[in-house]
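Chemist: What follows is the residue order along each chain.
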Amino acid sequence: MIPLEVENLSFAYDGRAVLRGVSFQLMPGEVLGLIGPNGAGKSTLLRLAAGFLRPGAGTVRLFGRPPTEWPPRELARHVAMVPQGAYIPPTFTVWESVMLGRTPYLGFLGVPRESDREAARRALKWVGMADLSERLMGELSGGERQRVLLARALAQEPQCLLLDEPTTHLDIHHQVAVLSLIRRMAMECGIAVLVVLHDLNLAATFADRLALLVDGTLVALGDPREVLQGERLAAVYGPSVVVFPRPDNGGRPAILPRVS
Amino acid sequence: MHSSRSHNSSSAGGGHLEGDRHLNLFRRRRWLFLALAFGLLLGTATLGMAWGAVSIPPRAVLQIIGQRTLLTGLLASPPLPDWPPAWETILLEIRIPRVVLAGLVGITLAVAGAVYQALFRNPLAEPYLIGVSSGASFGATLAIVFIWRLGWGGWNGVSLAAFVGALLATAAIYSLARVGRRTPITTLILAGVAVNALLSATTVFLMFSMQDAFRAMHVLGWLMGSLALADWEKVRTILPYVLAGLAVISWHAHTLNVLQLDEEQAQSLGVAVERTKGVLILAVSLATAAAVSVSGTVGFIGLIVPHIVRLLWGPDHRFLLPMSGVVGAISLILADSIARTAFAPRELPLGVVTAVAGAPFFLYLLRRQKREVF
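Just so you know, the sequences run in chain order A and B. The end of the first sequence is residue 260 by this note's numbering, with every number in the run present. The end of the second sequence is residue 374 by this note's numbering, with every number in the run present.
Everything labelled a hint here was simulated from the structure, so no lab data went into it. Because the structure is a prediction, the values reported are computed rather than measured. Each hint should be verified, as a subset may be incorrect.
A few chain A residues facing chain B, derived, Cβ under 7 Å [to be verified]: (1) Ala50; (2) Phe52; (3) Gly56; (4) Pro72; (5) Ala76; (6) Met81; (7) Pro83; (8) Thr91; (9) Leu100; (10) Thr103; (11) Leu106; (12) Gly107; (13) Gly110; (14) Arg113.
We put the CB at the ideal spot given by N, CA and C, even for glycine.
Next up, chain A with everything else stripped away, as it sits in the complex (with noise of 0.2 Å):
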């Protein structure tokens, strides 16, 4: 079963056109980092994979059903999503924020059992937190909330991750921790990734596979090596930045700014 099919997917806010056919599919295990310019329709794309939208046209696919046809527990059990900047009052503590990912498996009166604890202390082992897990959200950085975030999202037990720029306000060494953890979750646990990255070297570092959206349209899709071509940049960014291939990471680019 196919984690993510696009198909012909249009959508509109208030008559203006955000997204124009485009398709794509998803697969397990594979990490897709969906990149673009600001406005690209990056962040709706995502909404519309995770049914918080709902298509103008063509159709979005989880498990080969449409969102809107899962009953949302079911959903949330095979489908995580972190939303951009997603909150979680400050009283909560760390231990309390991962428990509502076990939220669709909790029965009669939203007591957890031992297989809820266990998923919960698992996510937060995986991401690092495990001896903080009675800190309170309000006391932690900006990284660590961040990946509270993922191990929430972890204790859904997800096939199929969808994160919208898990990286912002972070600084270099916790992007590239934040992203590793998430590349090793796609290759352990054969999870589906779609994550939307503002950054083009993270995107370049980090991915398997890379969507390129301009102005609503998906104008390439595939190797970071081969989306990320000198000439598209510069019709899609301007003549501002220059890309060199990494020898350290398999001809994989980098993206630098032009001197002028």
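Dock chain B against the given chain A, drawing on the hints supplied.
Modeler: What follows is chain B alone, placed relative to chain A:
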């Protein structure tokens, strides 16, 4: 699972001690506190039954209750009572129903406050925000103006009118706030403020145009809250609505935790947000309307009790709801006992006691707390 070492350098080692310091005793031993609070509730209820114009020793209160509930059936010849028979009548006909009613109203208002604060993600939310109080006041005032003597299903006219008024006002606000298929919180709060203002103004105008000072006083008493007319009939009447409402709310305790997040996160965690909000608002409005219909509008309990519980024991609604209920019951039983004894034989309005006693205590807690509270 074994290769996670590379990313947890910042948190490896010694974290347990550090983490423990961050959660205080209240939060780690919270279920013990709930048991203690429940014991305190039973104690407060006993004292509430003992205090009054005729003072009855707490021991006699317990003996009379015990005899009435358990021992009469078990013993062939019950022990000879060593108290005046009038005590039994006072207790069974007046004090116990009043304390029970105060407890029910207190539970309902406090739990309702917790639910509204969670649903609206707004610390100022309280049971009266979306029309229950102003609708009930308006209905009650209409009934007092036109002297409704009709009773229906155990309701006397004023209570029935208050109950219906509360539900109608809530329904009106909810439907006015609808935008397409959704009911955004901000429009709901704004519609609530507007309808409340309109209904309150109309209520005051009705009061203003009353020729009869006695009836105007009746309305005023109702607006400030009072349990002076408590009896078993009122307990029986509101019990089904209160129990049904609380059952539905308890069922959704964890969902209320999830609703603390924004709606997209709640949805992605498997919560059908709009449907759940609708169900909860219906349940909480029914229970609150029933409570308010017998007590008048008792302010402050619904606003501050959930805040006090959240300050001390954290935001988990599986604990916050039962603890708020128990603390709400204790507060209202205590407040009502003060209201009827402090200036006996005159009764203080209940709302005056809850505000005068509650506000300073709440401000004290708020000042002591260093971090954000909501």
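Chemist: Can Leu100/A be said to touch chain B, with a Cβ gap under 7 Å?
Modeler: 6 Å, holds
Chemist: Holds or violated: Gly107/A as interface residue toward chain B, Cβ cutoff 7 Å?
Modeler: 10 Å, violated
Chemist: Holds or violated: is there a CB of chain B closer than 7 Å to the CB of Gly110/A?
Modeler: With a closest approach of 3 Å, the Gly110/A hint holds.
Chemist: With a cut-off of 7 Å on the beta carbons, see whether Ala50/A makes it to chain B.
Modeler: 6 Å, holds
Chemist: Quick one, is the Thr91/A hint okay against chain B at 7 Å, beta carbons?
Modeler: This interface hint holds because 5 Å falls under the 7 Å limit.
Chemist: The hint names Gly56/A as touching chain B; please verify it with the least Cβ-Cβ distance against 7 Å.
Modeler: 16 Å, violated
Chemist: Can Ala76/A be said to touch chain B, with a Cβ gap under 7 Å?
Modeler: Given a least distance of 3 Å, the restraint on Ala76/A holds.
Chemist: With chain B as the partner, please determine if Phe52/A meets the hint condition of a C-beta pair closer than 7 Å.
Modeler: 5 Å, holds
Chemist: Tell me if the interface restraint on Arg113/A is satisfied: Cβ within less than 7 Å of some Cβ in chain B.
Modeler: 13 Å, violated
Chemist: Can the hint on Pro83/A be confirmed by a CB-to-CB distance to chain B that is less than 7 Å?
Modeler: This hint holds: Pro83/A lies near chain B, its Cβ roughly 5 Å from the closest one there, short of 7 Å.
Chemist: Does the interface hint hold: is Thr103/A within less than 7 Å of chain B, judged Cβ to Cβ?
Modeler: This hint holds: Thr103/A lies near chain B, its Cβ roughly 4 Å from the closest one there, short of 7 Å.
Chemist: Next item in the hint list is Leu106/A. Is there a CB on chain B closer than 7 Å to its CB?
Modeler: 6 Å, holds
Checked against the numbered hints given earlier, the structure breaks hints 3, 12, 14 and satisfies all the rest.
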